[in-house]
Amino acid sequence: MKKLKCPQCDIHRFAVRNAAGESVVVVVMDDLTIVPVDETKSLDGFDLETLFCLGCSWSGSVHSIAKYSKTKR
0 MKKLKCPQCD IHRFAVRNAA GESVVVVVMD DLTIVPVDET KSLDGFDLET
50 LFCLGCSWSG SVHSIAKYSK TKR
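First residue of the sequence shown: 0, per numbering that gives the first Met the number 0; consecutive thereafter.
Quick caveat, the hints were computed from the structure, so don't treat them as lab data.
Please note that the accuracy of each hint is not assured.
As the list claims (entries may be wrong) - Straight-line C-alpha distance at most 16 Å; calculated EDC-like pairs for lysine to aspartate or glutamate: (1) Lys1 to Asp29; (2) Lys66 to Asp29; (3) Lys1 to Asp30; (4) Lys2 to Asp30; (5) Lys66 to Glu21; (6) Lys40 to Glu21; (7) Lys4 to Asp30.
When you get a sec, could you build the whole thing from the sequences and use the hints?
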């Protein structure tokens, strides 16, 4: 499966956060699943609606990443 990239800086790693401010590093697969980079981490309790790029200031939804990926092909 292919990893989707940031619409702004073109890297493929993002962070998701929970209410306590903790974050987990994730990637977004081409089927729009969000997968933690560290497979031992759980995404329970994390806000999966907003992703934060680790390479720039971009933040947004999985759907905005998917829309960008479709237009770039």
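* Hints the structure fails to honour -> As far as the earlier hints go, only 5 is violated by this structure.
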